[in-house]
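Go by the hints and put chain B onto chain A.
Listed below are the residues making up each chain.
2 protein chains.
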Amino acid sequence: MKEKIKQKQTILGIDPGTRITGYGAIQNSQQGLHVLDYGCIRPPVKEELNNRFFIIYRDLLLLLEKFQPDVVAIETQFFQKNAQSALKLGMARGVILIAAKNHDIPIVEYAPTRVKKAICHGRASKYQVQSMVKRLLGLSALPEPEDAADALALAICCANDSTI
Amino acid sequence: MKEKIKQKQTILGIDPGTRITGYGAIQNSQQGLHVLDYGCIRPPVKEELNNRFFIIYRDLLLLLEKFQPDVVAIETQFFQKNAQSALKLGMARGVILIAAKNHDIPIVEYAPTRVKKAICHGRASKYQVQSMVKRLLGLSALPEPEDAADALALAICCANDSTI
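Order-wise, the sequence lines are chains A and B. In this text, residue positions in the first sequence follow my numbering: the first is 1, and each later residue adds one. In this text, residue positions in the second sequence follow my numbering: the first is 1, and each later residue adds one.
One or more hints might be untrue.
If chains are identical, the list can't say which one is meant, so a pair holds when it fits in one copy or spans any two.
[What the hints assert, rightly or not] Straight-line C-alpha distance at most 30 Å; calculated DSS-like pairs for lysine-lysine: (1) LYS8 / LYS81; (2) LYS126 / LYS8; (3) LYS126 / LYS66; (4) LYS46 / LYS66; (5) LYS66 / LYS101; (6) LYS134 / LYS117; (7) LYS81 / LYS46; (8) LYS8 / LYS46; (9) LYS81 / LYS66.
Everything labelled a hint here was simulated from the structure, so no lab data went into it.
With the rest of the complex left out, here is chain A (with noise of 0.2 Å):
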């Protein structure tokens, strides 16, 4: 992806689920990282479980078209304690899948601790996330909830990955 190297980047993090599905929207230039918009996707609980991942779908396509977002940044999941949740998480993955596709934007993915080491340390509690993400982007409050300040921390690993 050198040739995609631009005076401005923006990278869109998205940390999915199927209650909550977190994002953050960041702008890295030679100026430093600026935030541009963080949040959740929240699709109504009474929502049968395939229309709440249509829902996540129809809002993340509204978000990439807002935002124009050069690369969709995700964790690489590897292992999930249950196979259930797995598969949710899964649909919640292709959904994203699909939206980026459909939009010709790439994804790149994160392990979960090179995202913690990116901004503070492998073993990193949600809190110092939270925190340190609110430091280096500038905030003036903790990021809420912890699934936008995830969203935000994978796009900081991203904005801080030589290789993109």
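Frame of chain A, contents of chain B only:
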């Protein structure tokens, strides 16, 4: 979905997988069941995993456009021995979901034993499923691969479902 009852109903069964995704399209009318097409999507194994899912998505869209099904039938997946397999299967299911929802086509799910019971008995072997699918649809040969036979079985199960 009662109001959707038509003289002819087209059903697309899909048996997802990252290596082979089987599909089977049938028409259900007062004259009985009639096979339209069956086969499988085999993304090149050398392709990166994310690209394989996108190939499945793209090919599914072509099938939906070709057959304009009234309903898409997939298997309910409850248990997977391996969480990593469950994650991949989840991604494939997410992809099917978005393809169908984007065409506003309802998805119905059936437990594997229900599908087998609909055409044979709950503990039918792969070969027995293929044989019964051949017989019920008046095919001249066993439907191959097994994934396509499973997809046709799903479509037959859906055709026999009086709630749809």
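Here is how each hint holds up against the structure:
1. LYS8 / LYS81: neither (39 Å within a copy, 45 Å between copies)
2. LYS126 / LYS8: Within one copy, since 29 Å is at most 30 Å while 55 Å is not.
3. LYS126 / LYS66: within (28 Å within a copy, 48 Å between copies)
4. LYS46 / LYS66: within (28 Å within a copy, 34 Å between copies)
5. LYS66 / LYS101: Close inside one copy (16 Å) and across copies (22 Å); limit 30 Å.
6. LYS134 / LYS117: Only inside one copy: LYS134 and LYS117 sit 16 Å apart there, 56 Å across copies, limit 30 Å.
7. LYS81 / LYS46: both (25 Å within a copy, 29 Å between copies)
8. LYS8 / LYS46: For LYS8 and LYS46, neither the intra-copy (40 Å) nor the inter-copy (33 Å) Cα distance is at most 30 Å.
9. LYS81 / LYS66: Intra 35 Å, inter 40 Å, cutoff 30 Å: neither.
In terms of the numbered hints stated before, the structure departs from hints 1, 8, 9, listed from lowest to highest.
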